[in-house]
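*Asks:* Single-letter residue listing:
2 protein chains.
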Amino acid sequence: MQFFYHPHLFSDNIVLSAEESNHCAKALRKKPGEYIFITDGKGNLAKGKLLNRDWNACVIHLVGLQENYGVRKMELHLAISPTKNPDRMEWLVEKSIEIGVEKLTFIICEHSERPRLDLERMKRVGISALKQSNTTWLPYMEILSYRDFMIQHGDVQVHKFIAWCDDSNEKQLTDQLITMNKVMLLIGPEGDFSEEEIQLAKHYHFTEVKLGNRRLRTETAGLYGCCVLAGKAEEK
Amino acid sequence: MQFFYHPHLFSDNIVLSAEESNHCAKALRKKPGEYIFITDGKGNLAKGKLLNRDWNACVIHLVGLQENYGVRKMELHLAISPTKNPDRMEWLVEKSIEIGVEKLTFIICEHSERPRLDLERMKRVGISALKQSNTTWLPYMEILSYRDFMIQHGDVQVHKFIAWCDDSNEKQLTDQLITMNKVMLLIGPEGDFSEEEIQLAKHYHFTEVKLGNRRLRTETAGLYGCCVLAGKAEEK
Numbered sequence: 001m002q003f004f005y006h007p008h009l010f011s012d013n014i015v016l017s018a019e020e021s022n023h024c025a026k027a028l029r030k031k032p033g034e035y036i037f038i039t040d041g042k043g044n045l046a047k048g049k050l051l052n053r054d055w056n057a058c059v060i061h062l063v064g065l066q067e068n069y070g071v072r073k074m075e076l077h078l079a080i081s082p083t084k085n086p087d088r089m090e091w092l093v094e095k096s097i098e099i100g101v102e103k104l105t106f107i108i109c110e111h112s113e114r115p116r117l118d119l120e121r122m123k124r125v126g127i128s129a130l131k132q133s134n135t136t137w138l139p140y141m142e143i144l145s146y147r148d149f150m151i152q153h154g155d156v157q158v159h160k161f162i163a164w165c166d167d168s169n170e171k172q173l174t175d176q177l178i179t180m181n182k183v184m185l186l187i188g189p190e191g192d193f194s195e196e197e198i199q200l201a202k203h204y205h206f207t208e209v210k211l212g213n214r215r216l217r218t219e220t221a222g223l224y225g226c227c228v229l230a231g232k233a234e235e236k
Numbered sequence: 001m002q003f004f005y006h007p008h009l010f011s012d013n014i015v016l017s018a019e020e021s022n023h024c025a026k027a028l029r030k031k032p033g034e035y036i037f038i039t040d041g042k043g044n045l046a047k048g049k050l051l052n053r054d055w056n057a058c059v060i061h062l063v064g065l066q067e068n069y070g071v072r073k074m075e076l077h078l079a080i081s082p083t084k085n086p087d088r089m090e091w092l093v094e095k096s097i098e099i100g101v102e103k104l105t106f107i108i109c110e111h112s113e114r115p116r117l118d119l120e121r122m123k124r125v126g127i128s129a130l131k132q133s134n135t136t137w138l139p140y141m142e143i144l145s146y147r148d149f150m151i152q153h154g155d156v157q158v159h160k161f162i163a164w165c166d167d168s169n170e171k172q173l174t175d176q177l178i179t180m181n182k183v184m185l186l187i188g189p190e191g192d193f194s195e196e197e198i199q200l201a202k203h204y205h206f207t208e209v210k211l212g213n214r215r216l217r218t219e220t221a222g223l224y225g226c227c228v229l230a231g232k233a234e235e236k
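Respectively, the protein sequence lines represent chains A and B. So the first sequence is numbered by our numbering: it starts at 1 and just counts up by one. So the second sequence is numbered by our numbering: it starts at 1 and just counts up by one.
Treat the hints as calculated values from the structure; they're not laboratory data. Relax, there's no trap hidden among the hints.
Pairs count within a copy or across copies, as identical chains cannot be separated in the list.
Here are the simulated SDA-like pairs of lysine to any residue, each with C-alpha atoms no more than 25 Å apart in a straight line: (1) Lys103 <-> Gln172; (2) Lys84 <-> Leu28; (3) Lys73 <-> Thr179; (4) Lys210 <-> Asn68; (5) Lys202 <-> Glu102; (6) Lys210 <-> Asn134; (7) Lys123 <-> Asp87; (8) Lys123 <-> Arg215; (9) Lys123 <-> Arg217; (10) Lys210 <-> Glu75; (11) Lys131 <-> Asn213; (12) Lys73 <-> Glu208; (13) Lys42 <-> Gln157; (14) Lys210 <-> Ala129; (15) Lys47 <-> Arg217; (16) Lys47 <-> Asp167; (17) Lys202 <-> Asn169; (18) Lys210 <-> Gln172; (19) Lys131 <-> Trp91; (20) Lys26 <-> Lys84; (21) Lys171 <-> Gly70; (22) Lys210 <-> Asn181; (23) Lys131 <-> Arg215; (24) Lys84 <-> Phe3; (25) Lys210 <-> Trp91.
Construct the complete structure from the given sequences, taking the supplied hints into account.
*Replies:* Rendered as structure tokens:
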């Protein structure tokens, strides 16, 4: 089963974007009358019949819609510093969507090697990952400075974890009991969070955790978090 | 700190391979008299002084050796079916070494899309990953048919898990109590294990587990296993 992407599914007929139409009619050679599945990245999955064969504008007549298709009980908000090489962030976006993440904030920290990121490109990578992995949830993505992140999200009532390389800390993320269905996990840059950033996280009652016992690269640490929490997602 | 690789460290002087010499003298411009660190991929880390500046044959005088440098208490033996696209197995080799894996068997299953793999290439990828992630353990790698794997390894007294997509099975890998320090995890091909393969695993007392609640790609499933077990590696 191959999913297509369209941002709005609540109408009788939709027109796929040029890119999606090309994929549908040209690459996969779908013919008028054939049924396809379309997700909006918001947890909805529609079934629709292809009406034409236009490589730039496939018209789909929607015949059915399932809400909350494969949506997890857990909401993971991953906040991670961009890496110097943007390919490594694309890789993280792709793999984290496959494993499960509901929200992605790229946080610009004091030691972040790259203070910006092409968010539109990340969203395109996300849509591609969504289709490939047959999931229906495209995480909301944003870029914020560390301080703005804390002001906007620091006060929410969720499980809040910050991963950093403090040798005196022995708490493993994998051992944490997850009782709420919302989790926030912060991953710092290669040079780690600054002392001030750690203090701010403590002020907002983040729990400091370790991700295994090796010093992982930023993007590997992010994926590690998604993996460990994915197994806990259905425990509640 | 940058690690170099040499398979034998128990002598006074060693000569780096052409590839390593090039990396050391040409790319990183190390000069005679400078100290470098070398691992043999067997848990040993040596410190040595560069004696010459030959881009093809750097001579290193070893001055110190630390055994069991960063070696984990857990031994993870990951057995995984090769994917159709070998790039995805290279990716798994690279990332699993970063997170932690002690042995890698590529198992040829009934539904494996690719019945072979360039093992030498995987070892080269492994050495590169070893150096990049500053670890000292290069997993032993082999290719075996599923049946031969079971004959050779099925009887060992370790925690044995087999991951497969049976909806009636609710046991998550992340919830398993790991009391022994040796773990074996089997990951099947995209088309999953055959019924006969599952029966053989049951005969050898493998525990069936789930890896989260999504159907992951083979290589993502492998990495998921490494992540979940890495957090448990120091619990014993």
